[in-house]
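Peer 1: In order, the protein sequences belong to chains A and B.
When you number the first sequence by my numbering, it's gap-free, plus one each residue, and the end is 85.
When you number the second sequence by my numbering, it's gap-free, plus one each residue, and the end is 85.
Since the hints were made in silico from the structure, they are not lab data.
One should not assume that every hint holds.
Which copy is meant is left open, because identical chains are indistinguishable; a pair holds if it fits in one copy or across any two.
[To be verified] Okay, derived cross-link-like pairs now, SDA-like style, lysine to any residue, Cα gap no bigger than 20 Å in a straight line:
{"no.": "1", "residue 1": "K66", "residue 2": "P40"}
{"no.": "2", "residue 1": "K66", "residue 2": "D8"}
{"no.": "3", "residue 1": "K66", "residue 2": "A15"}
{"no.": "4", "residue 1": "K66", "residue 2": "S51"}
{"no.": "5", "residue 1": "K66", "residue 2": "E30"}
{"no.": "6", "residue 1": "K66", "residue 2": "R50"}
{"no.": "7", "residue 1": "K66", "residue 2": "S83"}
{"no.": "8", "residue 1": "K66", "residue 2": "Q78"}
Number of protein chains: 2
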Amino acid sequence: MSPNSGDYDAGAVARTLRQARLDAHLTQERLAQQSGLHPTYISLLERGRSVPSLRAIWLIARCVKLRPSTLLARIEQESDASRA
Amino acid sequence: MSPNSGDYDAGAVARTLRQARLDAHLTQERLAQQSGLHPTYISLLERGRSVPSLRAIWLIARCVKLRPSTLLARIEQESDASRA
Chain A
2 MSPNSGDYDA GAVARTLRQA RLDAHLTQER LAQQSGLHPT YISLLERGRS VPSLRAIWLI
62 ARCVKLRPST LLARIEQESD ASRA
Chain B
2 MSPNSGDYDA GAVARTLRQA RLDAHLTQER LAQQSGLHPT YISLLERGRS VPSLRAIWLI
62 ARCVKLRPST LLARIEQESD ASRA
């Protein structure tokens with residue numbers, strides 16, 4: 002079931018984080034090394050099984066060379082698109 | 002000591018969340034009621050003593066009538082300004 006418009010959408014977060022990593026040509030392992038986050042945590046985030054902390058968003062955004070606000074705008078777009 | 006440019010800046014997060022709440026004419030108690038977050042958690046966030054989850058950012062953004070990405074852009078601006 003899709004979340005309502007504006008609700009936190011774990012699937013959209015997961016897909017956006019994964020796509021941003023792939024766009025930056027990083028493996029999960031490499032992203033973990035660069036960000037300092039645990040590889041298991043990154044895997045959980047990309048499967049929508051864990052909610053990222055805002056600090057994790059900052060660390061990941063830096064590694065994929067996006068502003069945190071840009072990463073969130075992509076999550077919003079992904080969430081809107083998946084409900085369309 | 003200020004964080005380096007682009008680092009997660011707990012002070013900037015705290016100040017931005019507090020200002021967004023005040024701009025929306027909400028007390029911490031009212032924001033807690035509307036968001037479903039615990040009043041103590043909101044107090045900790047506004048003092049930079051706890052790192053918000055991305056889901057908390059979503060819930061707070063809705064209550065203060067901002068997009069989550071807009072809230073993050075304000076945090077980035079606040080962080081840049083405090084280092085200037």
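Peer 1: For each hint, tell me whether it holds in the structure or not.
Peer 2: Okay, the hints, checked on the actual structure:
1. K66 <-> P40: Result: close within a single copy only, 19 Å intra versus 35 Å inter.
2. K66 <-> D8: For K66 and D8, only the inter-copy Cα distance (13 Å) is at most 20 Å; the intra-copy one is 26 Å.
3. K66 <-> A15: Classified as within: same-chain Cα gap 18 Å, cross-chain 24 Å, threshold 20 Å.
4. K66 <-> S51: neither (22 Å within a copy, 25 Å between copies)
5. K66 <-> E30: within (17 Å within a copy, 37 Å between copies)
6. K66 <-> R50: Close neither inside one copy (24 Å) nor across copies (27 Å); limit 20 Å.
7. K66 <-> S83: Answer is neither; intra-copy 25 Å and inter-copy 22 Å both fail.
8. K66 <-> Q78: Cα proximity of K66 and Q78: in one copy and across copies (18 Å, 17 Å).
Consistency with the previously given hints fails for numbers 4, 6, 7, ordered from lowest to highest.
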